[in-house]
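Asker: We have chain P; now place chain L onto it with these hints.
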Amino acid sequence: MISSDTVPNDARRHKADRESDDAMAVRAVTIGKPRQEVFDFFRDVTNLARFMENIERIDVVDTTHSHWVVKAPAGHRVEWDSILTADEPGRLLAWETGPDAEVKNHGRVEFRDAPGGRGTEIHATIVYEPPAGALGKVIALLFQKEPGLQAKRDLRRLKMLLETGEIATTDYPDAAPRYKKSDASDEAKAAETR
Amino acid sequence: MRAVTWHGKHDIRVDTVPDPKIVNPHDIVIKTTATAICGSDLHLYDGVIPTMVSGDILGHEFMGEVVEVGPEVTNLKVGDRVVNPFTIACGQCMHCKSSFFSACENSNPADKAPMMEALYGYAGSGLFGYSHMMGGYAGGQAEYVRIPFGNVGPIKIPDGLDDEQVLFLSDIFPTAYQAAENCNIQKGDTIAVWGLGPVGQLCVKSCFLLGAERVIAIDHRPARLAMAKASGADVINFEEVRVNEALTEMTGGRGPDHCIDCVGLEAHGWAVDNVLDFIKTTLKVSFDRPHVLREAIVACKPGGTLSIPGVYGGLLDKVPFGAAFGKGLTMKMGQTNMHKYLAPLLERIQNAEIDPGFIISHRLGLEEAPGAYKNFHDNQNEWTKVVLRPN
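Line by line, the protein sequences give chains P and L.
The opening residue of the first sequence carries number 504 in my numbering; numbering runs sequentially from there.
The opening residue of the second sequence carries number 3 in my numbering; numbering runs sequentially from there.
Isolated chain P, as found in the complex (with noise of 0.2 Å):
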C-alpha cells in the first residue's frame, strides 16, 4: 500500500499491480464537493449501499468492521467482513476483507482537492484476488471479466448522488417505457379474459 503524502502516480501503480493475477481496478472521479462531505459521506458505510450496484446489505459490526451482502450472478450472494486498515480523515480511507471472505478484496479510497477549487477527486484502488471453484467461476463473471467497470460505473453514481441528490436512471419500465413482446401478449391475453 502506498500512502505516502506526495501524489502517487497511477498509472505506474497499475502497471506494477497488473504484475499479480489479482483482478484490479483503478478509477477516479471529481465531485464538485468540498473534500471533508466527500471523505465524511463516504466514511458512514451505510450511505456505500445508495450508490453501489450490487450490495444487498452492509451490516455495521463496529467502528473498523463491517459485513457485506453482495449479490453475484445467477441468484447468488457472497459476503464478506471488512477492516478498515486505514482512516486519515479528510484523505484516506482502506480496507481489507477478513480470513473467511468468500471474495478476497483489499483497497483503497484517496481524497484529494481538484485543482482550482473544483471539488474533490476521488482516486480508488480495488483488488479482487480470484475466487477458486464453481462459485467462484460465477463470481468471476461479476468481479473479473471487467474489474474496472463496476468501479466506474460506481464512482459515477456517487458522483451524481453527491451533485444532484439522485442517480439518473433509465430503467424499464417506469423510468423508461419501451414495447416488449411479452407484455404485449400479456395485455393481450388479458384482454381475451376480460
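Hints were generated in silico from the structure; no laboratory data involved.
Don't take every hint at face value.
[Unchecked claim] Once the Cα atoms are required to be at most 25 Å apart in a straight line, the calculated BS3-like pairs of lysine-lysine come out as: (1) L:Lys189 to L:Lys303; (2) P:Lys655 to P:Lys574; (3) L:Lys23 to P:Lys683; (4) L:Lys99 to L:Lys334; (5) L:Lys189 to L:Lys158; (6) L:Lys342 to P:Lys536; (7) L:Lys231 to L:Lys303; (8) P:Lys684 to L:Lys11; (9) L:Lys158 to L:Lys33; (10) P:Lys536 to L:Lys329; (11) L:Lys23 to L:Lys79; (12) L:Lys376 to P:Lys684; (13) L:Lys158 to L:Lys342; (14) L:Lys23 to P:Lys684; (15) L:Lys11 to P:Lys683; (16) P:Lys536 to P:Lys607; (17) L:Lys342 to L:Lys329; (18) L:Lys11 to L:Lys23; (19) P:Lys655 to L:Lys342; (20) L:Lys79 to L:Lys11; (21) P:Lys536 to P:Lys655; (22) L:Lys342 to L:Lys99; (23) L:Lys329 to L:Lys303; (24) L:Lys158 to P:Lys683; (25) L:Lys231 to L:Lys23; (26) L:Lys334 to L:Lys320; (27) L:Lys376 to L:Lys11; (28) L:Lys189 to L:Lys23; (29) P:Lys683 to L:Lys376; (30) L:Lys33 to L:Lys79.
[To be verified] Not close to chain P: a few residues of chain L, all C-beta gaps over 12 Å, as computed: (31) His28; (32) Gln94; (33) Tyr122; (34) Phe210; (35) Gly255.
All C-beta atoms in this analysis are idealised placements derived from N, C-alpha and C, irrespective of residue type, glycine included.
Answerer: Below, chain L without anything else, positioned relative to chain P:
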C-alpha cells in the same frame, strides 16, 4: 399509452407500451401535445446509430402539459405548458455550471455511459429517444414522457403562443442559433450555409437575427432553396454550379466570412464497428460524405469561422487541414447547449422577431408516424418538417 417505436432499419411502428412514472425526486411527467420528427431521427430510421434496441421509443423534439411532478420540483406545477430541450442536463455539475450543458456529467446513467466513453473518451449528456449509449431515455413521440431534472430543463410557455410557434425550441431552433452565434457575426459579414433542412432554414434566419449582411444558402432541392430565398438568402443549387467558384464570385473574390455546415456526417454512424466498416467496405462513402466540410474549408475567407451543427460521428478522411491551417480558421462545433438558449429564444419568439413554425410542411396524428418517417426520408423536397399530435 401509445408510442412511436423503433424495430430496426426502416421499421417504425406505433405500439402500446407502459406509461412512464415519476422515479427520481426531480422528475416530471408530461402529456405530449406536439412532437416533431427530426432529421437526425432519419439516421435511426436508416439503422445506422448503434445501441438502439427493438422497441425503443423515438422522438426528442416535444412539448406538452405537466401532469405529475416529483417532490423536489419547485419551478413547475401540474397544468403548466412546457417545451423540453432534447439534451438532459442536471444543472449541478461543473459543465452545466459553465453553460456547457451538452456535456452534463450526471444525466447519462452509469450503466449506459461507459459505451460512449469507450468510443469517444467521454460520455455526453443523456438524450431523449436516441439510443442506449446516449442514455436509453424513452422518447417524446408518445402520449406521455418522463423528464428528469424538471427544475433545469423544460421551459414554461406563456399563454398566447401556440404549440407550432414554440415546439422547435426543443432542438432545431437553438441548434441553428448556436451555429450562427458561433460565427461571431460582425456588421457587413456574409455567411454561407450548407444544407437547407430544418436546421439550415433556421440557421439562415438566425444569421440575419444576429446581424449578417448577407446569407448564401446551398442545397439542391428546389423547394428548400425557395424557402431559404423567402427568408432573404441568396441561393446556390450545387447541381447547377460549382459551389466554390460561385461563392468566390459572389463575395468579390474573398470567400464568405464564415461557413456553416448543417449537413454533417451522421449517416456514417457512431460505433467502432461502423468505423471499421468505413475502412473496410464503405471507402466510397467515406470519401464522399465529408464533402461539405472540405468545400467549406476551401471556400472560407482567411480568419473566418467554420461552424458545424451537422453531426459527425466517426473518423474523417481527406480533410484539407493545410488549407484550414493556412487560413487560420476557427472551428466551432458540438451538440447544442440547449439550456442556455431556451429563455432568450423564447423571448425572440414572443417579440415576433421570428416564427420557426414556417418550416412545417405536414401535421399528422401519432398513428401516422410510420408513413411520416418514410415520406420525410424519401420525399425531402416536399416534406420539410413533420409535426405529430399525440393528444
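Asker: Decide, hint by hint, whether the structure agrees.
Answerer: Verification of the supplied hints:
no. : hint                 : verdict
1   : L:Lys189 to L:Lys303 : holds (16 Å)
2   : P:Lys655 to P:Lys574 : holds (18 Å)
3   : L:Lys23 to P:Lys683  : holds (17 Å)
4   : L:Lys99 to L:Lys334  : holds (20 Å)
5   : L:Lys189 to L:Lys158 : violated (34 Å)
6   : L:Lys342 to P:Lys536 : holds (24 Å)
7   : L:Lys231 to L:Lys303 : holds (23 Å)
8   : P:Lys684 to L:Lys11  : holds (18 Å)
9   : L:Lys158 to L:Lys33  : holds (14 Å)
10  : P:Lys536 to L:Lys329 : violated (43 Å)
11  : L:Lys23 to L:Lys79   : holds (16 Å)
12  : L:Lys376 to P:Lys684 : holds (24 Å)
13  : L:Lys158 to L:Lys342 : holds (15 Å)
14  : L:Lys23 to P:Lys684  : holds (20 Å)
15  : L:Lys11 to P:Lys683  : holds (18 Å)
16  : P:Lys536 to P:Lys607 : violated (32 Å)
17  : L:Lys342 to L:Lys329 : violated (31 Å)
18  : L:Lys11 to L:Lys23   : violated (29 Å)
19  : P:Lys655 to L:Lys342 : violated (29 Å)
20  : L:Lys79 to L:Lys11   : violated (39 Å)
21  : P:Lys536 to P:Lys655 : holds (19 Å)
22  : L:Lys342 to L:Lys99  : holds (11 Å)
23  : L:Lys329 to L:Lys303 : holds (7 Å)
24  : L:Lys158 to P:Lys683 : violated (33 Å)
25  : L:Lys231 to L:Lys23  : violated (45 Å)
26  : L:Lys334 to L:Lys320 : holds (19 Å)
27  : L:Lys376 to L:Lys11  : holds (11 Å)
28  : L:Lys189 to L:Lys23  : violated (50 Å)
29  : P:Lys683 to L:Lys376 : holds (23 Å)
30  : L:Lys33 to L:Lys79   : holds (13 Å)
31  : His28                : violated (6 Å)
32  : Gln94                : violated (5 Å)
33  : Tyr122               : holds (15 Å)
34  : Phe210               : holds (39 Å)
35  : Gly255               : holds (47 Å)
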